[in-house]
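So the protein lines, in turn, are chains A and B.
Every letter in the first sequence is one number past the one before it in our numbering, and letter 144, counting from 1, is 144.
Every letter in the second sequence is one number past the one before it in our numbering, and letter 310, counting from 1, is 310.
It should be emphasised that the hints constitute simulated quantities derived from the structure, not laboratory data.
There may be inaccurate statements among the hints.
Any copy, or any two copies together, can satisfy a pair, since identical chains are not distinguished.
[Claimed, not checked] Straight-line C-alpha distance at most 25 Å; calculated SDA-like pairs for lysine to any residue:
no.: 1; residue 1: Lys34; residue 2: Ala209
no.: 2; residue 1: Lys34; residue 2: Arg477
no.: 3; residue 1: Lys34; residue 2: Val111
no.: 4; residue 1: Lys34; residue 2: Leu207
no.: 5; residue 1: Lys34; residue 2: Ala47
no.: 6; residue 1: Lys34; residue 2: Ala473
no.: 7; residue 1: Lys34; residue 2: Tyr198
no.: 8; residue 1: Lys34; residue 2: Asp105
no.: 9; residue 1: Lys34; residue 2: Leu208
There are 2 protein chains.
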Amino acid sequence: MTVQCESWVQSVALAPPALTDNTADAERLTGHLKRRLGVGGLRIDLATLGDLPALLRDNDYRVRGILFGAGDAWQLCAVTADDPRPVLGLAVDLGTTRIVVSLMDLTGGRVLGEDSLDNPQLAVGPDILTRIHYSEAAGGLTRLQRMVIEGLNPTIADLCRRNQTHPERIFLMSLAGNTAMTHLFLKLTPRWMIREPYIPVVNRPGLLAAADLGLELNPAARLFVFPNIGSYFGGDLIAGIIHSGLHRREETAILVDVGTNAEVVLGNRDWLLACAGAAGPALEGGISKIGTMACPGAIDRVLIDPATRRFELHTIDDQPPVGICGSGVIDLAAQLFRAGMIDIRGRLIPDACNGRLQMGLNGPQLEIAPPPAGADRQGLAIGQAAFDSLIRSKAAMYTILETITASVGIAPRDLQIFFVAGTFGAFIDPDAAVTIGMLPDLPRECYHALGNSSLEGAKQVLADPQVLPQIDAVRDRITYMELNVNQDFMNRFSAAKFLPHTNPELFPSVARGI
Amino acid sequence: MTVQCESWVQSVALAPPALTDNTADAERLTGHLKRRLGVGGLRIDLATLGDLPALLRDNDYRVRGILFGAGDAWQLCAVTADDPRPVLGLAVDLGTTRIVVSLMDLTGGRVLGEDSLDNPQLAVGPDILTRIHYSEAAGGLTRLQRMVIEGLNPTIADLCRRNQTHPERIFLMSLAGNTAMTHLFLKLTPRWMIREPYIPVVNRPGLLAAADLGLELNPAARLFVFPNIGSYFGGDLIAGIIHSGLHRREETAILVDVGTNAEVVLGNRDWLLACAGAAGPALEGGISKIGTMACPGAIDRVLIDPATRRFELHTIDDQPPVGICGSGVIDLAAQLFRAGMIDIRGRLIPDACNGRLQMGLNGPQLEIAPPPAGADRQGLAIGQAAFDSLIRSKAAMYTILETITASVGIAPRDLQIFFVAGTFGAFIDPDAAVTIGMLPDLPRECYHALGNSSLEGAKQVLADPQVLPQIDAVRDRITYMELNVNQDFMNRFSAAKFLPHTNPELFPSVARGI
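From just these sequences and the hints, can you work out the full model?
Dropping the structure here:
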């Protein structure tokens, strides 16, 4: 299905009605647009119809139609005078932790500004499971939904104000998020997503009226919500595929969203295979007591001189260290391993750790950052359990990669393009991730961080009408592979629980580096 | 497009989800229905989605889906438990004067009961034009729309009560009316319909949410509004075509809605030609001061003994005569003509009228009914002007029939099936109408009164899902012919201004009868 338009906003100059051409106002406009776009049906709301006769006549039949849709489900959302006022769209990445919004000019597809806010549902709980349980209590679902809307509305209004405009000018919105966040946003119960056989309420929410959700945009604004494949493979990943272009490439590539839950898509323009599996909290700042999300003061880079074993730490915004985030933990483990301070099983080697080892309540602790001089605050230290947890997480990640590639007869090292999705992915140092054996030993230039691919995908929907039909096509083309934790999986997992791996031949660059 | 279902209500028993079949609740249900019905897309509202997970699980995945739509625009309006509670529909004939509603069981297509009410907009004015002018004043459109809704809601509630049910059980509604009434119902301005080039706001209102209009039915109820061809050819006529089956017949037939505005459709299963023209108020009770709508006491049948010239009157409900309705006027003129009391130009013949002629302010008056004995009420009398008016109206009607048939190379007398639509049409005596030359001189059995064909068409939409796609097809197949009042038309009109016609050969049965 090719859509013959480059923008959701279409300026039209209609032939005025005549005795010999007495088509009604609505069909005059929709007929013109249908012919221009080559679409079969074009819906128009009663509210839009009501304003149409005066609008057409006051503007000599020159107006702008704001469209949204794909396939046979097209909507003429609004009609405005063909004047210089902007017609805006809003792309939203609805993250579990952070929500990012991007204000766009729909006529040119240009980004006008961005803003973000903590997901207000963090007040209920940082993790999805806590929020789902909360949603099951009376009124819980409604409260969770309102929290997000009431957080979004002022953020959107502020963003508009800073751009000398008003939310009333926002006619289209596109939103990508994981399946649970999307369900809470739509006030649909996520209750059955966490119980076998893990069923969402809806796979394709499609086009909705933004006002129905309490969003304060133009009253006619429509909202596109990215579809999901299931409870554990959400619209954020579909947005990532769209952003990476994985579905259009001839060569087989892989896209990985690294987190507590690892989501993986393998494929090319002919086929797409997906799976998701638990990797554990270690990769997302959930490691030990000092683990933290990426925030000012979080240690995100670690360098250890192999000769002196001196630590060089980098913190976000160069603030005094307050904890260590996911990418920092991977860096730390890689550097400790290269400096010979942990062995191939991830055990701290006391002799190599010199004065950095302290005895804590739960065994030895490795000091990462000393207490600030004169401060009553403690230094930052990390125990053996945290490294054990990291090793399990990275082994799970690598095993998932091995399993999905094996299912199509290739090995992780055969991949030539490796997309790392998500904000966290943007901060992972591929070299460190390869060193600990979390990612395969590919030439480092094969790795591409996609950044906030969820937001980027949502933006593409607004910038280019060709994208929307691709999304449904991609969703339908994905074969979802259930990860069966069978003997094969367990064998691979056991082999991957070493740094970098039981089989060092899989990681030649790491062997060379030591 | 064949729809593979016999009812808008579909009972389904879904396979419960499993680890190997983790489709979401919504797509599990819509996918099943799409396969069963052979339709491409099936929309489902957010409100319906919200209730779906509990509904499916509480009922072991056995539910009823209530559908509505055609082509690529299908809606899963509501989902209910598969229990014995009725699923109802409401068919509405939205007349300028009278509104008739019919309550139907959607599972069997059976009519449960009917009711009617005066169109509450009569308070503003009896005719369409007055209401359109009223709608142009500030707040006028909103008031006119509310009047109808506020009249309909209690009527529907009453009708439900009498049938031991509740409006909440009404999920589908179908409404046919002329273009102006439909526009006022939808709160769309009819302003441009009465100004050249006579443009409605919309031709195909399509499926709407009943709640958006203030209708108190099930909150999820959908409303289908019959499409129109233009300002002067409305959905009531399309409903009439559907009811008559004109569009499915091999032989060419005609359908005529006789009224102030005469609407005509000529055609068969291959082509449909339509036109509309003003016939004047004489045919709809608008004749002189004693003209009335069909109501108790209205004279609807007149018999004059040619020998004694004695009048025999029949009134509706056998009440004392209060006026004369449209069918009565046609009867009266035909009988006066047969009794030799008016001449072929429709002039009263004083010598033949005996003592029935009185001199009124505006010339001679023919007494129809004497004053009741002892009453201070006057008798009913009718003047020459009324007969002149009737002659113009019947001549216009016949000229329209001649013009449309001539455009396809036939004459009115070539027709073998002649449908007379509308409530008024049901009361016209074809013999009388032929006698005055209003309708062509066909064998009387060729005439078929369709009754309230607007309501019948609306009922068919609810009873049979095959009908909805036919409606759009019929609408698109109709060629609308503008009636140009050119020399040809005027010549025909002049020739038709005689009883029955200048050319008596066109009316052999009338010549024989005299």
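Each hint, compared with the structure:
no. : hint              : in the structure
1   : Lys34 with Ala209 : both (22 Å within a copy, 24 Å between copies)
2   : Lys34 with Arg477 : between (28 Å within a copy, 19 Å between copies)
3   : Lys34 with Val111 : neither (28 Å within a copy, 39 Å between copies)
4   : Lys34 with Leu207 : both (19 Å within a copy, 19 Å between copies)
5   : Lys34 with Ala47  : within (20 Å within a copy, 30 Å between copies)
6   : Lys34 with Ala473 : both (22 Å within a copy, 18 Å between copies)
7   : Lys34 with Tyr198 : between (40 Å within a copy, 23 Å between copies)
8   : Lys34 with Asp105 : within (23 Å within a copy, 37 Å between copies)
9   : Lys34 with Leu208 : both (21 Å within a copy, 21 Å between copies)
Of the numbered hints listed earlier, the single one contradicted by the structure is hint 3.
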